[in-house]
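Going down the list, the sequences are from chains A and B.
So that you can map any letter, position 42 of the first sequence is 42 in our numbering, and since no number is skipped, the others follow by simple counting.
So that you can map any letter, position 8 of the second sequence is 390 in our numbering, and since no number is skipped, the others follow by simple counting.
Calculated directly from the structure, the hints in this document are not laboratory data.
Each hint should be verified, as a subset may be incorrect.
Calculated cross-link-like contacts (lysine to aspartate or glutamate; reagent style DMTMM-like; alpha-carbon spacing at most 20 Å) [stated by the list, open to error]:
hint, chain 1, residue 1, chain 2, residue 2
1, A, 19, A, 182
2, B, 427, A, 48
3, B, 511, B, 492
4, B, 443, A, 249
5, B, 427, A, 182
6, A, 98, A, 48
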Amino acid sequence: MKQKTVAAVGAAETTEMGKIPNMSVIQLHADAALNAMADCGLKPSDIDGVATAGISPTELAYYLGITPTYADGTSVGGCSFMLHVRHAAAAINEGLAKTILITHGESGRSRVGAGGFRGGGGTSSLPGQFEAPYGPVGPPSMFTIPVLRYLKVRGYTVEDLANVAVIQREWAALNPRASMKDPISVADVLNARMIAYPFTLLMCCLVTDGGGAIILTSAERAKDFPQKPVYILGTGESVETPMVSQMEDFTSSKAFRVSGKKAFEEAGIKHGDVDHLMIYDAFAHLPLYGLEDLGFCRPGEAAGFINDRNTAIGGKLPLNTNGGGLSYMHSGMYGMYAMQESIRQLRGIAPAQVPDAKISISHGVGGMFGASGTIVWSNEAP
Amino acid sequence: MDRVLPEPTPETQHFWDGCKEGELRLQRCVECSKSYFPPRPFCPKCGSRKVEVYKASGKAKLWSYVINHRPRPDLGTEPHSIAVVMLDEGPQMMTNIVECPQTPEALVLDMPVEVTFQDFGKITLPFFKPAGA
């Protein structure tokens, strides 16, 4: 329960969002970091811990002029930032640093200063030997591979997948910064260009530019900052496999289950206590897996739960209220934006504000069901 | 464009040698008898280094797949399956389903498939085709 003593005091995204051709990757990190520092009234010299993925914490610290006593470069894909929050909370409790900055920036669309395609590990890595020869082209043709099995076992349909995208678009319509805001129907989703059967374009995340940053400190110090602190109640993380073909169960993510359980236990909350939920939606199936693996729905009930509008505007469990990776933005490692939205909701400043939200969960995925991180946040001091 | 091919490591060489010889080789633990894939010189279930290589049946069922409509240049221009098969011995393996139309109608989950090998020079890749095709 030690992590209850840490809070987010600064949080911000890049000034622009979506298409930012005038900024390189490292500048997207810095833009978000400077916005987060402005948000809580700090300067780089006030920061003594850094964490990031995509670039190294060394690059980040150097570029911003920070001399840290704590650096975390954990890089397990899009949920890396959830793991950074978890590690930072432990580090602050342990006295390794007082004020830790976590940043993300990615020029996913414009590819400014972005280098080549990351990941893989070459033709002699295990994925290089036992998956790459069969033609996967990044996440759209890999992350989607378990899904036909999942649909068959659960009795879900492609219409259920499509409806995930439809409902998230409804949320995005309320968000002025969302990349895609026009309403879509299930038919629109199913008739969109086929990317990797059964996935059409509208079941796949966007590819955009952007960044975000979070500043954490002890709950004790958090009270002295200008913004309403958002406390960390519980955290979890896990990793399973770098190869989607070796996922133990195609209908359930072990990393999700382990990470989620740990976070719930640490927070000491029940599912009914959760007012707002973010599940990293790189593709339309992720919210379904997430609802089941986090325990919000029994296996086989997640699609009905979404179809009955429980996660939609006015529903009992508002989900991906920024529009998600499907409609808000997706730079490549989206986990940071899920946490930004949780923090906005708990500060009461989200464009699609959930009334009286007190507890929010940000749940992330890394790789293709390879890794997971879960953070339980609250705007009430534990 | 030449097909992107794997580069064997000391731990996986036996698998690729097997493919060259028309055998699908798996490993199993001598201690706990767990069959596993991809190759490594110890058991991922119990950690024992006492493991053996054996010739698998090559029989499997189609476990899940996508039909990739944006093929990588080295795989041609037509939509093709990227599949995972469940081997009769237990492990899952990524592959392409070949000798079969690349359509949802022809690619039915749980249909029996069997291994077939294709020589790409330095490397022979295992693929799967509908059983008896």
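Right, here's what the structure says about each hint:
no. : hint            : in the structure
1   : A:19 <-> A:182  : 18 Å, holds
2   : B:427 <-> A:48  : 42 Å, violated
3   : B:511 <-> B:492 : 13 Å, holds
4   : B:443 <-> A:249 : 15 Å, holds
5   : B:427 <-> A:182 : 49 Å, violated
6   : A:98 <-> A:48   : 6 Å, holds
Of the numbered hints listed earlier, those contradicted by the structure are 2, 5.
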